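Asker: Fit chains D and X to the known structure of chain C by using the hints.
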Amino acid sequence: MLAVEDLRVVFQGAEGLAPAVDGLSFTVRRGECLGVVGESGAGKSQAFLAALGLLSCPARVTGRVRLGGQELLGLPERRLDRILGARVGLVFQDPMTSLTPHLRVGDQIAEPLRRHLGLGAREARGRALQLLERVRLADAGRRMRQYPHELSGGMRQRVMIAIALACDPQLLVLDEPTTALDVTLQAQILTLLADLKRERGMAMALITHDFGVVAGLAERVAVLRAGRLIEQGSAAEVLKAPRDPYTRQLLHALAGHSGEAARVSAPDGAALALCGIRVSFPVARGWRRQALRALDAIDLTLGAGEALGVVGESGCGKSTLTRAALYLIRPEAGTVLWMGRSPAALPGGQLRRLRRELQIVFQDPLASLDPHLTVERLVAEPLEIHRPDLDARGRLEQVCRMLERVGLDRTLLTRRPHELSGGQCQRVGIARAMILKPRVLVCDEPLSALDAPTQAQVLALLAELRREQGTSLLFVSHDLSSVRRLCDRVLVLYLGRMAELAPAQALFTAPHHPYTRELLAAIAVADPDIQPARLAQVRLGEPPSALEVPRGCAFRMRCPQATSLCAERVPDWRRSAEDRWVACHHLRGPADDML
Amino acid sequence: MRGSTLECAMSTRRRQPPRRAALAAAALIVLLTLWAIAGPAASPYSPNALDWQHLLAAPSLTDGHWLGTDPLGRDLYVRTLYGLRLSLLLGVLATGVSVLIGVLWGMVAGFAGGRVDAWMMRVVDILYSLPYLFIVLILATLFGRDSITLLLLAIGSVGWLTLARVVRARTLSLKRREFIEAARAAGLTPAAIMLRHILPNLAGTVVVYATLMVPQMITSESFLSFLGLGVQPPRASLGSLVSEGAHEMLAAPWMLLVPATVLVVLLLSFNLLGDALRDVLEPTAR
Amino acid sequence: MQRRRAPVKSLRNAYASGKAFLMLGYAARRIAGIVPVLLILITVSFFVVRLAPGGPFDQARPLPPRIRAELEHLYGLNQPLPVQYWQYLEGLAHGDLGPSLQMRDDTVAGLIAQGLPVSLTLGLSALALALLTGVPLGLWAALGRGGVLDRAVTVFAAVSLALPSFVTGPFLALAFGLWLHWLPVAGWQAGEPRYLILPAVTLALPLCASVARLMRGGMLDVLGASFVRTARARGLGRRRVWLRHALRPALVPVVSYLGPAVAYLVTGSLVIETVFELPGTGRYLVQGALNRDYTLVMGMVLLYGTLTLLSNLAADLIHAWLDPRVRDEHA
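Protein chains in written order, with my numbering: chain C, 1 to 595; chain D, 1 to 286; chain X, 1 to 331.
With the rest of the complex left out, here is chain C (with noise of 0.2 Å):
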């Protein structure tokens, strides 16, 4: 269907350094599913919009493309014009800004199919329903005359694939389609590929970082590395028994050890505690304010030298808890104590003082250094704030020893964030956050931002500094394999409220709150022989607005179990097992058991 051959691309005015795509062959053939990962920066994405005549800046691009025997390199552009979004579609990584703004989504739709089916309007509209439909998008009808804005991440990436089948093409090029959705909706997307695939028997090309996205749906996996092919093979081979080191590498840095996780340490005495917390943001609705409760009754104790994972979808209140754990947004309701203290009823300069015994790493490890200190003065400032007793040499002695102990190197003391790499930026930010060695460290994604390797590395970087310090750890992430690898504990959020809180090992195998079965379940896992089959199980539904919690148990809509008792009372928080906590209605614990 596709053959590259020998493609490269060198941009201009970067023709000294090596080209962003070099020499790179591979074929996708008819009806087949070719998975091409790599980290960013790889050359996955670059090598498909060259090949296809959309690379947005100048470069030079040289080889073979063939698609069906038609050379698509030189083509002129008109002749490209009839080829693209008719015998090709292309799905892009993010589906906020991938649709025009001010055009309507069932125009959007429609474009493709009056442009290359030369349908009419009538036509191209009923049309475009069928594939909204299609790509079971809710409510199509009303969707077609809604913009863009008007519609939640998951629903524009369907109708990103809608545009993309719109003239039946041979080939599907599908750009990190997943990557910019949380894990359930990824699953959902993922499903609905993979019976695409089935029922049309087009040609895929999905391009990844990910090798849980290609395990369900690729037969064959391309690795690509600094724009060379690394290893190419069918995607059991490849997943498996991978021959090139590096497909090891990045294998091995996303597959959980499970192995080696969790040891429950004997919480003495907490280290922070939230009592009922409750935090809302007014959000204005064209004349009315409303409130948008991020966070409800939010009862939880992170013990001395505990890790407590947060996990959950985007927007269900994992970041708010970390800044209402740190007292950075006052909570509306509720208490937080830390070390036994309340930070509301200090005075200003107690708690600016107690604050250096709690400490954050954030999500964005550029965004969260100031962009005009050194690393020398990033790393040192906590010191200067804290440590008056430290003169210029003491401060440098001990920023010195911390950067060795993150693993950077002295020589990087003179520069400043943005000519660091995102690892070493994330590590300066650890640096930072634990040169008062703090009693609680709160990690608010931290891992997000990085490559799959530099993940690892990072991960292994904090449980090691864990156990040398005893420092307790909030660990908030919507990656539950890193969760799982580092915390002893975890809690699962729905909508700003807490669903079920459990022992790592407990939660993982043998979840209780059918939300965590759920999310367990959407995981994408390295392997192609489970992987399509737990694709073919998910279930979840979209996401409820923050704004619009449904009454009673928040999570019923997309509940599987749920009954009318569900839709009237809110459920308990209640102990389900020793040690294990939950909330919901369908699950009795040892003390309904009693009664």
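Don't read these hints as lab results, they were simulated from the structure. Please read these numbers as outputs of a predicted model, since none were measured by experiment. Be careful, since some hints might not be right.
[What the hints assert, rightly or not] Simulated restraints on C-beta separations: (1) Gly470(C) <-> Glu329(X): 46 to 52 Å; (2) Ala152(X) <-> Ala226(C): 47 to 53 Å; (3) Val44(X) <-> Met339(C): 51 to 57 Å; (4) Ala138(C) <-> Leu104(D): 48 to 54 Å; (5) Ala109(X) <-> Ser545(C): 52 to 58 Å.
Here a beta-carbon is modelled for each residue, glycine too, at the ideal position from N, C-alpha and C.
Answerer: What follows is chains D and X alone, placed relative to chain C:
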């Protein structure tokens, strides 16, 4: 995605001409400034000395008046340099006034947020709803006719509005950045956060806007002087010289050409420098 | 767009008209919001003008005290300030801007009525000229990025922005009027187009440069956006992608500039009217302020203030029309 923007940045960076233009502009500004300071002393004429032998003389190398004279026989070369000096001085000082007010106002509003912010920006909005030079004009006619200080205040006191808005917007976006949260979590006081983390990160923006403001201020002053409301005779600024030139343009076009050329070159240099600085210091904003 | 099937059409219209209704509400709220701003404006300028040193009857040769007192009595200037202020507001409520204190045969409203047509003609033709040239120039520059035209437009814009209108005005008059004799140097013969050309071009030049720059920048930003790439990936063809997908969002910076543009036109017209001796309203402002003609200055403040506020409002409404997200925020 990230890769492609990087590649694009690299390919645009190769386009050198803007940078050369900016260097030339900076050099020109320095040159003009030095000239305006030292030039008049090096000339045999004083700006207000009348030369009855050469009334309205055309530029010539032989009679000593290189760039000609005005109807009173005053040497245009020296007068233009004096005008340049005054215009530059007023432009820079007025910019200083504006920057001071604008940065403080915008930063405090943006950092305080809430009701304080709403009120402070409301004031800016109202002032903004009037054409900017119009307020200057009223202030200048009412208070500033004879005093350069007052003229300065009149021009400078209105120029800060845009800067206040820009600085506030930047402060708001900085405040949302995680490193400010990190600073709070580290236990810094609000004042220290503003001083250590916000102000230095505003510096680029402020430098860019200040550079672009100088020509605006010079234009304002020249505009007022052109209307006869700014610098009063016998003092001269580029604006008042252009105004005089416009009256004599048929008989003595050099009287218009000379100060106008200097003014335009000056403004162009500042604009080019400001644009180039913006490309370097504020790559996100265009 | 396509509206042939009846049920779809009615549904669509119902949906659209609901939104349109909300937008009307927004416009009404914004217009209502202008009133207090104007009131503050009137109040502040009323007192600033009167607290300034000097008065309308201070002349080189002082008036006899008796005549002066009579004049002050006639115009109510002998009353306490708050009373004068109240009387002025009362007059305004009836649409009365008061008599001019210097040109004693005229009312302020009458003076404005004389001058406004000239100023409006000048301002609107300059605005139209700037948009009609600036938008295409900016577009061409962006679409041919890095090419000859792009560089030419960039240089043209940089130079034009450095040319104050009080420099270009006399130059153009010198070149086209005095040397070439193509166009009249100055004056205004009942709006005869020949007299309009030089002033309008002078006024439009920097505006055109700004518009071209904004248009170029806006288009370049949008062309780099991922939805443009998506549209290209649908095989729609460059031209269609530019016109249907990229143009509207790219116009946003130009539209936001509308407010500042009108402010520029107002001050720019002062100079132009002086240079080309046009009988517009600009001169009243300068004269009024210099002669302490209180009512005239107030009239001009009110006129220009309203004009600027309305143009800002128009800019916001057009922005909302261009971008459905903004529309929803407002509605």
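Asker: Work down the list of hints and note, for each, if the structure agrees.
Answerer: These are the hints, each one checked on the structure:
1. Gly470(C) and Glu329(X) have their C-beta atoms about 49 Å apart, which keeps the hinted 46 to 52 Å range intact.
2. Checked against the hint of 47 to 53 Å, the pair Ala152(X) and Ala226(C) fails, with Cβ atoms roughly 40 Å apart.
3. Between Val44(X) and Met339(C), the C-beta spacing of about 55 Å keeps the proposed range 51 to 57 Å intact.
4. Checked against the given bound of 48 to 54 Å, the beta carbons of Ala138(C) and Leu104(D), roughly 52 Å apart, stay inside it.
5. The given range of 52 to 58 Å is respected by Ala109(X) and Ser545(C), whose C-beta atoms sit roughly 54 Å from each other.
Checked against the numbered hints above, the structure breaks only hint 2 and satisfies the rest.
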